[in-house]
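**Q** Each chain, written out:
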Amino acid sequence: MRKTSAALLLLTILAAGCGGSSSSSQEGGTFKIGTSSRIDSLNPYVAFNQDAYSMFEYIYPTLVQYDKENKKFVPDFAKSWSTSADGKTWTFKTVSGAKWSDGQPLTAEDAAWRINTDIKYKDTGAANDAGLIAHITRAEAPDPDTLVVHYAAPAGNVLGQFQQYPIIPKHIWESHTGHKGNDLKTFANNAPIVGAGPFTLDSFKKDQIALFKRYDGFYGPKAKVDAFGLRMFSNDDALVTALKSHEIDSIEEVPPTSVKTLSSAGFAVNKIAGVDQTDFIINSSPHKTSHPELQNLKVRQAFDMAVDRPKIVDVVFLGAAKPAASIIPSSTGDWANPSVQPTAFDIDQANSILDGLGYKRGGDGIRVANGQKMAYEVITPTDLHSANRTFQILQPDFKKIGVQLTQKALDSTAAFDAMTAPNGKYANFDIALWDWVALIDPDFMLSVVTCDQYEGWNDSGFCDKSYDAMYSKQQLTPDQAKRRDLVWKMQRYLQTKKPYLWMATLDHISATSKDWTGLVDSPQGPFNSLSKISLSSVQQAG
Amino acid sequence: MRGADYFIKRFVFAVVTVFVAITINFALFRLAPGSAVSNLSRVPHATPETREALKKEFGLDKSRGEQYVLYLMQLAHGNLGISFANQQPVSSNLTTALKNTVPMVLLGTLFAIVLGTLTGVISAWRRGTATEGMTLGTALTLYAMPTHWLGLMLIIVFAGTLPTGGMSDEFLINPSFTEHMQDLARHIFLPALTLGLVLFGEYTLIVRSAMLETLGEDYILTARAKGLKPWAIVRKHALRNALLPVTTLIALSLGYIVAGAILVETVFSWPGIGRAVYEAVLQRDYPMLQGAFLVLTVSVVFFNLVADLLYFKLDPRITE
Numbered sequence: 000m001r002k003t004s005a006a007l008l009l010l011t012i013l014a015a016g017c018g019g020s021s022s023s024s025q026e027g028g029t030f031k032i033g034t035s036s037r038i039d040s041l042n043p044y045v046a047f048n049q050d051a052y053s054m055f056e057y058i059y060p061t062l063v064q065y066d067k068e069n070k071k072f073v074p075d076f077a078k079s080w081s082t083s084a085d086g087k088t089w090t091f092k093t094v095s096g097a098k099w100s101d102g103q104p105l106t107a108e109d110a111a112w113r114i115n116t117d118i119k120y121k122d123t124g125a126a127n128d129a130g131l132i133a134h135i136t137r138a139e140a141p142d143p144d145t146l147v148v149h150y151a152a153p154a155g156n157v158l159g160q161f162q163q164y165p166i167i168p169k170h171i172w173e174s175h176t177g178h179k180g181n182d183l184k185t186f187a188n189n190a191p192i193v194g195a196g197p198f199t200l201d202s203f204k205k206d207q208i209a210l211f212k213r214y215d216g217f218y219g220p221k222a223k224v225d226a227f228g229l230r231m232f233s234n235d236d237a238l239v240t241a242l243k244s245h246e247i248d249s250i251e252e253v254p255p256t257s258v259k260t261l262s263s264a265g266f267a268v269n270k271i272a273g274v275d276q277t278d279f280i281i282n283s284s285p286h287k288t289s290h291p292e293l294q295n296l297k298v299r300q301a302f303d304m305a306v307d308r309p310k311i312v313d314v315v316f317l318g319a320a321k322p323a324a325s326i327i328p329s330s331t332g333d334w335a336n337p338s339v340q341p342t343a344f345d346i347d348q349a350n351s352i353l354d355g356l357g358y359k360r361g362g363d364g365i366r367v368a369n370g371q372k373m374a375y376e377v378i379t380p381t382d383l384h385s386a387n388r389t390f391q392i393l394q395p396d397f398k399k400i401g402v403q404l405t406q407k408a409l410d411s412t413a414a415f416d417a418m419t420a421p422n423g424k425y426a427n428f429d430i431a432l433w434d435w436v437a438l439i440d441p442d443f444m445l446s447v448v449t450c451d452q453y454e455g456w457n458d459s460g461f462c463d464k465s466y467d468a469m470y471s472k473q474q475l476t477p478d479q480a481k482r483r484d485l486v487w488k489m490q491r492y493l494q495t496k497k498p499y500l501w502m503a504t505l506d507h508i509s510a511t512s513k514d515w516t517g518l519v520d521s522p523q524g525p526f527n528s529l530s531k532i533s534l535s536s537v538q539q540a541g
Numbered sequence: 000m001r002g003a004d005y006f007i008k009r010f011v012f013a014v015v016t017v018f019v020a021i022t023i024n025f026a027l028f029r030l031a032p033g034s035a036v037s038n039l040s041r042v043p044h045a046t047p048e049t050r051e052a053l054k055k056e057f058g059l060d061k062s063r064g065e066q067y068v069l070y071l072m073q074l075a076h077g078n079l080g081i082s083f084a085n086q087q088p089v090s091s092n093l094t095t096a097l098k099n100t101v102p103m104v105l106l107g108t109l110f111a112i113v114l115g116t117l118t119g120v121i122s123a124w125r126r127g128t129a130t131e132g133m134t135l136g137t138a139l140t141l142y143a144m145p146t147h148w149l150g151l152m153l154i155i156v157f158a159g160t161l162p163t164g165g166m167s168d169e170f171l172i173n174p175s176f177t178e179h180m181q182d183l184a185r186h187i188f189l190p191a192l193t194l195g196l197v198l199f200g201e202y203t204l205i206v207r208s209a210m211l212e213t214l215g216e217d218y219i220l221t222a223r224a225k226g227l228k229p230w231a232i233v234r235k236h237a238l239r240n241a242l243l244p245v246t247t248l249i250a251l252s253l254g255y256i257v258a259g260a261i262l263v264e265t266v267f268s269w270p271g272i273g274r275a276v277y278e279a280v281l282q283r284d285y286p287m288l289q290g291a292f293l294v295l296t297v298s299v300v301f302f303n304l305v306a307d308l309l310y311f312k313l314d315p316r317i318t319e
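Residue numbers (numbering that gives the first Met the number 0), protein chains in the order written: chain A, 0 to 541; chain B, 0 to 319.
Derived by calculation from the structure, the hints in this document are not laboratory data.
The structure presented is a predicted model; accordingly, all values stated were derived computationally and were not measured.
Note that beta-carbon positions come from the ideal geometry of N, C-alpha and C, so glycine has one too.
Be aware that a few hints might be false.
Claimed, not checked - EDC-like mimics (lysine to aspartate or glutamate), calculated; alpha carbons at most 20 Å apart, straight line:
(1) Lys54(B) x Asp122(A)
(2) Lys481(A) x Asp333(A)
(3) Lys98(B) x Asp182(B)
(4) Lys54(B) x Asp451(A)
(5) Lys179(A) x Glu56(B)
(6) Lys205(A) x Glu169(B)
(7) Lys424(A) x Glu51(B)
(8) Lys55(B) x Asp182(A)
(9) Lys179(A) x Glu51(B)
(10) Lys513(A) x Asp225(A)
(11) Lys119(A) x Glu51(B)
(12) Lys71(A) x Asp484(A)
(13) Lys55(B) x Asp122(A)
(14) Lys223(A) x Asp201(A)
(15) Lys228(B) x Glu216(B)
(16) Lys205(A) x Glu278(B)
(17) Lys78(A) x Asp144(A)
(18) Lys55(B) x Glu454(A)
(19) Lys205(A) x Asp168(B)
(20) Lys119(A) x Glu169(B)
(21) Lys212(A) x Asp168(B)
Claimed, not checked - Label pairs and their calculated CB-CB ranges:
(22) Ala343(A) x Leu105(B): 51 to 61 Å
(23) Asp345(A) x Lys98(B): 55 to 65 Å
(24) Pro102(B) x Thr256(A): 32 to 42 Å
(25) Thr256(A) x Leu243(B): 44 to 54 Å
(26) Leu243(B) x Asp514(A): 53 to 63 Å
(27) His179(B) x Asn48(A): 26 to 36 Å
(28) Gly216(A) x His179(B): 29 to 39 Å
(29) Asp363(A) x Leu30(B): 31 to 41 Å
(30) Asp66(A) x Leu105(B): 48 to 58 Å
Here chain A stands alone, though its shape is the one from the complex (with noise of 0.2 Å):
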């Protein structure tokens, strides 16, 4: 049967090639996408880069996958999804029959194998993905179609968490578990990798290339190309060159300085509101005791009202980009909350606050707070590309309301050590640039301000225990209409303690030769670690 098949899909294709096709579309074909990011493994224990995890969604089953919208959870290996009772098992009924790309049997069995080594090594080996997997205490497979997961409590973002968590080969990882788990972190992955997605990772050069070819025996819907290749390019410039060129067909992300390049070129370029935002930190930590007007509430809504959003979208991201307002940006749908929106600029109304607070300026212009100057350093990491042009923007509009901003330019690692000093108690720097790549589901943008995450992902020294608790029940809320209204709740309740000024939500643009059709775009890019329809739709244009 498959021989039937791939001879009739031999013969479309000659057909397509000879003129023979009507039809406004054909399959085949190499598609070949350029990035400025790159994968930084092939291991799911160690990546870390986005790129990388969008790789792990192609070449690796997950059970479940968002839909097209990237609003609903739907099929992936697991074909239907039940919780019990009292929210603490989840069955999940997987498909029959799958195969990894080396014959061997692809089961649920590969699915609890994953969660369960995850679970005892989560310290060591395991730690990269310990979150996806918190609350469960086994897992099990009782026949080879069905996965069966405990949870010590009944969980909230059970789908959200395994949308990201990539089933990989028990029979190829189980032997990678020594050294207390660590093993898992030091085995290779060296491609060709087995796999069960619509690709399978053929080859791979470190900065240079990924190249998949599409899996025959996936058992989902087939990819129409042959093949995709990712190529990794460490200037804009060139990267934009080859587009231009043709060397490849899209470019994953462009920076908006080539939009009007490239669409004048005549390439389908394609903005879409994204999850990356950029924020102003304002250093909440309870050991802070330098400018203790820094955690006064109203001088933090004054700097709120001096950060001019709409002029940093227009210079800094020259138009790509929108007014941020919260910590869950409106792009990932429904958990954003409509009544958390942007402050207006509104300079007036900031010297009011400061003046009602009696913050009276020196000779120099500078407000003087608790007997010393209003004068704060800014930490910058110099990876933050936005950072130096958004600097120069609030400079200015904060002397205005008498308030001096110095920049302190560090690397991101420098910036974060200098951030959490002395000893992880965040008690010297006063605000911080930086920017969050959100995902759809807001469990990991709202625990970046929990106290667990003191050290960890936390860059605000933000530690409030009724938080704290509200993070804790959304966890542990299976309703997603209640869970999304503590969600809401969270986010006025950040609104309020302003942890962070929110400043922009960047667009995410790509661009595509309009020799290409049917690529599926999201807040994350054409390609993706949300689903696998993106990069099984596309094919070549008629």
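Position chain B against the provided structure of chain A, taking the given hints into account.
**A** Frame of chain A; chain B shown alone:
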């Protein structure tokens, strides 16, 4: 006997230099602000236990002194350690990066040495003529040109004709040996040319300066008076005597080949050692940095030793 003394002295000096450099390399990155563990432990929901486990795993829970002794012991066994960032052996990371870098940088450097020496000689010999003005002007312009800007201009000028980056076209299906070699040549051309053009200016200026000094010597005047042909004067009398500073420059250039060329590698998306070191600095990947700087140190010291030995051959005064 004097030769053996000279060699032994130089060799011991080289070994001591390498040892001192190893120690400095070890201390240098640990003195920089920002620690490797804070970088590594930024995984969602990492607990304090995870951070402690990571510290222990990478030996960062030990005192600096203990870490240093362990590092020396590992080094004595030829073990460069495991990269913090990608968890792979440093030796394997370095080998891959060096294999990528060395052909490109070597080609660019050789181009600069050959062409730069030639134009330097011509420029000095034709002093005061339009030829000198032209070669000197070109050399100064290229020497002053920002490497990344020159690379970008070449990419734009040759767009569509030559590849914009990378080391080869991985989308070529089953290429023959000739096709593969042509593809490699097409990819290496622009980055090697960019590097070669920038270095070329430096070589021209140094060779010209050394040649001018030599051409002013009495023995050149004598050679002219004897009626020797100009080319013979240049080749046998002037160039040979001008070779000392040029030898130093060549040795230094060859020594630095293993350091890569970060700007050229970045512009042309060339996955070489320069970029690998840059990323290792950002990630505070101490084993990778120590490994890369060890290779660089050994290479620079080795080529300097070669230069010292060549001096011995080139300059009889050393033996006196």
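**Q** Using the Cβ atoms, figure out if Gly216(A) sits within 29 to 39 Å of His179(B).
**A** Given a distance of about 31 Å, which is inside 29 to 39 Å, the answer is holds.
**Q** A range of 51 to 61 Å was offered for this pair. Does it hold for the Cβ distance of Ala343(A) and Leu105(B)?
**A** The hint (51 to 61 Å, Cβ to Cβ) holds, given that Ala343(A) and Leu105(B) are roughly 60 Å apart.
**Q** Hinted pair, alpha-carbon criterion (20 Å max): Lys513(A), Asp225(A). Please report holds or violated.
**A** Status holds; Cα separation ~19 Å.
**Q** So if I understand the rule, the pair passes when the alpha-carbon distance is 20 Å or less; does Lys223(A) with Asp201(A) pass?
**A** holds, 17 Å
**Q** Is 26 to 36 Å right for how far apart the beta carbons of His179(B) and Asn48(A) are?
**A** holds, 30 Å
**Q** For the pair supplied as a hint, Lys205(A) and Glu169(B), is the alpha-carbon distance within the 20 Å limit?
**A** Measuring from Cα to Cα gives roughly 12 Å; hence the hint holds.
**Q** Are Lys119(A) and Glu169(B) close enough, with their CA atoms no more than 20 Å apart?
**A** Outside the cut-off at roughly 40 Å; violated.
**Q** Should the hint that Asp66(A) and Leu105(B) are 48 to 58 Å apart at their CB atoms be regarded as holding?
**A** For Leu105(B) against Asp66(A), whose Cβ atoms are near 53 Å apart, the range 48 to 58 Å holds.
**Q** Has the given pair, Lys205(A) with Asp168(B), been kept, meaning a C-alpha gap of at most 20 Å?
**A** It holds: about 14 Å lies between the C-alpha atoms, which stays within 20 Å.
**Q** Would you check the hint for Lys78(A) and Asp144(A), treating anything up to 20 Å between C-alpha atoms as holding?
**A** Since the Cα atoms of Lys78(A) and Asp144(A) sit roughly 10 Å apart, the hinted pair holds (cutoff 20 Å).
**Q** Take a quick look at whether Lys55(B) and Glu454(A) sit within 20 Å of each other, Cα to Cα.
**A** This hinted pair holds, its Cα atoms lying about 17 Å apart.
**Q** Is the straight-line distance between the alpha-carbon of Lys55(B) and that of Asp182(A) 20 Å or less?
**A** holds, 15 Å
In summary, the one numbered hint that this structure violates is 20.
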